[in-house]
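**Student:** Sequences listed follow chains A and B, in order. Whatever position you read off the first sequence (first residue = 1), add 389 for my numbering. Whatever position you read off the second sequence (first residue = 1), add 1 for my numbering.
Errors might be hidden in some of the hints.
Footprint (simulated), chain A over chain B, 3 or more residues, beta carbon under 8 Å [as the list claims (entries may be wrong)]:
1) 58-64
2) 114-127
3) 163-171
4) 180-194
5) 430-436
Label-pair distances were calculated between CB atoms; the ranges are [stated by the list, open to error]:
6) Ser588/A with Asp179/B: 33 to 39 Å
7) Pro830/A with Trp73/B: 40 to 46 Å
8) Met434/A with Trp57/B: 57 to 63 Å
9) Leu26/B with Ala677/A: 34 to 40 Å
10) Val341/B with Glu875/A: 54 to 60 Å
11) Glu660/A with Arg256/B: 40 to 46 Å
12) Thr583/A with Leu320/B: 57 to 63 Å
13) Pro617/A with Thr430/B: 51 to 57 Å
14) Phe197/B with Gly841/A: 41 to 47 Å
15) Ala433/B with His838/A: 49 to 55 Å
16) Val53/B with Met434/A: 58 to 64 Å
Hints listed in this document are in silico derivations from the structure and should not be mistaken for laboratory results. For every residue, glycine included, the Cβ atom is placed at its ideal position computed from N, Cα and C.
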Amino acid sequence: MNWNSALPLLIVGSSLLPGIVIFFLAEERVVARTALNMTGALVKMVLVGFMLWGVYYGEQFEIRIPMLPDLDLVLRAGPLAMLLVTLSSVLWLVTTIYAIGYLENSPHRSRFFGFFSLCVTATVGLSLAGNLLTFLLFYELLTLATYPLIVHRGTEVARLAGRNYLAYTLAGGALLLLSTVWLYSLSGTLEFTTRGFLSGLDDTHHPALILIFIMMIAGLGVKAALIPLHGWLPQAMVAPAPVSALLHAVAVVKAGAFGIVRVVHDVYGIEFASSLGVTLPLAIVASATIIYGSLRALFQVDLKRLLAFSTVSQVSYIALGVALAEPVATIGGLVHLVHQGVQKITLFFCAGNLAETLGIHKISEMRGVGRRMPWTMAAFSIGAFGMIGAPPLTGFVSKWYLGSGALEAGLDWVVLVLAASSLLNAAYFLPILHAAWFKSPPDSWPQEHKFGRRETAWALLAPTLITATLTLILGLFATAPISPLEWVRFIASRGFTP
Amino acid sequence: MNDLTSVFLLLTVPLAPLLMAIPGLRRNLPWPVHWALLPAGVLLLIPGRVSVELPWMLLGQSGLAIDALSRWWLAMSVVLWAVAAAFLDSPGNRQIGSSPRTTWLLLSLTGQMGLVLATDLVGFFAFSSLMGYAFIGFLTVNGDANSRYAAKVYLVLLVIADIALFEALLVFATISLDLSFAGLAESIALSSAAGFAMLLTVAGFSLRAGLWPSHNWLLAAGGSAVPALGLLLWGGPVTAGLLGILRWLPLGVIRAAELGIPMLLLGLVAVLYALWFGLTRASPGQRTACVIIALTGALMAIIGGGLAYPGFWQHYGKLVPAVIAGGGFVLTLSCLGMMVRQREQKFSVAAGVSETNLMFRFEGWLEARAYQLRHAGQDNLPRLLSAARGRLFSIWHLSEWKNRLDSGEHILRRWSIAIVLFLLLATLTTLAGILSDSG
């Protein structure tokens, strides 16, 4: 085994091993747990950096481990895989710092951080998956690793949310497994390839392939929160803020959206999927989800619940970009994988800061909070304007490419969907900002904790400001040589060139 | 002359107010807005065209430049903002540096400087959004009831305008790959599909500029007790909207009568309305707003005429800068007059208040409807959904699984052990696979 085949394993192992060790640490071993968490996160960042460099210069990173007859466990680093791997490793580091501050003095921290690490392991594993089988294994590991994080608080509401989460995601996973087995029986392979591996199949299989596509999208759509399979996501917001941040920005919903990208591009191939006529219905479902999520967000009174419905809406941009089957729209969809991640993690960090510092959970409690926590609310404002799509933030870049791609594809109605989404985003975010910045603060906050002269703990504020800065920089310098946009252009050029 | 110093100066024109908007960097500094305007003032003294390309910014075509039109516009902005800032909040006072109002004003100034110097549509859009949203902050923070109401209405108009302009940008991008002002003008002139984008452009910038009938926020802001506000409105949001139309549309090159004639008529109606309202109903503060509405209407009429008859623009288009400068002069005088009257008579703004009372009542009605909708969404929909889900998943709720999962810490401990064992098994299998493969 050489360095190039060991690196994917090392990247997966860099969070897996600390995770397993952390499970066995006693609660009071704070230093050891923190050291393990941070070492794992930093090592992963360095390894991902090496791999990113290598992939950029055309090196192959692949390992095959025999598992079933004719079916290997394959980890392979391609440009698309590196997009999610890099996002998850960067945001994992930031979220780990945040979680250490957030859970200070909370019970069951070893269990929490153990599963937290496994969650990232699963995300990185499914990103690097070289075939559907490997993807499926890590996809299910993600389900199992996330459940304890959702029910971490142990309340009745948390347990209900956890049950619903399991019901939805295990059903989705079963559907995905069934469709994968069926697909294997038809094609004899599950290897992801740049143009898909199904176009060579006989025309008589086309009805079956359409049915399999529907099953796969339904299975993946649970995690991607496509309507009507989104019900678990707003309930899961009862989880601690770092979990919500991870769920909404990096791990679960992104796993679903990434799976949809894989199925459309690397299983079916975009041209073949279009010829089967399955991409337009997917675009319609994604558009309906965008509008529905925004409409539901408009009528929420709980901040995290509002953000959850906002995720339902925003994650579907990714599916929409892919479903438009057009290079520019694909760029918009794929880059939103990163852009939505940094925006949404910022918003959830802010929600966590408000809850931990002032006990604010409801939108109505946010009057004048900008004066008490200006840095947190500045970060929240950047995240919110990013969601609306205001230039020069990341959301603007995503919407620009999605809109341009829709016009190129001749689907003008998609532009109206984007406009309506922006309008609705403004309708539910701007009143919050107005209340926070321009209304008078109350005499007392629901549950205030003092942090000396600082507005909140550094471990909570620093990650929030880092991700807010990323939201600004990745939008403002979108066309810089090492930006997510440029990387996505590189991916799209490989997927669409004849 | 495009040497390093000039380019640096060009970049500092929007950067200086942006940096000074950070409260820590201007603490105890008197005249902060005037200091922020200093690079722009120096740049005006450098002759010739200065430009810089910023290919790594936004969508890759952005840049800043000072040419004949932007030089004139920059000069006007510097003068208007400097005069307006001199009338605001005792600018010589050192405490002004710590005021949040100054932060919003400086952010708005950043947008204004950027949009004047922008060389492409996307850059202009980004800077004008910054200017608009920051101006809302300026109107709201420490503002009286009238300016806060104006800010609310302007916010709604700005969001709608931004969406219209974004759609226009998308259509322009399908017409031309080059989104610089110079490149786009040629493509629009050659394209038959530009009409819709031009309509969206005019609609978006008209909303931003407060052209009648979207003028209400200007009247409300005019009712504010701050005399310099009228000058800032003219030097900021209103003329920025007009500059947008001048920059985005190839006036004098193309003929678009179907768009130009309605604009011409709308502009004339705006002038007549402003005259009627200003003479019969307006409070002293609102008369300043009426001057702005009339001037905006007149300019829109000229632009409409230019779109309908390119020859008209070639003759009368040159009047636009003169009208804007004249407007600035009139508003400065009006502002001075109001300040003198305020000091001497402490006049009341009763007329403005009575009108805005009606506006607040309407706003209250809207808020009540929003409250009802919010509660309809919050209470009824989840109840209906949970009832349906209860029926569908009754088997699930009754099952033994629910009890198992509800056993809290007990199940979570087992869950941890099970997953660790599973992963250890997976790790061992992987190692065995690697060893057998290499063997």
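**Student:** Tell me, which hint numbers fail for this structure?
**Tutor:** Hints 4, 8, 9, 13, 14, 16 contradicted; others consistent.
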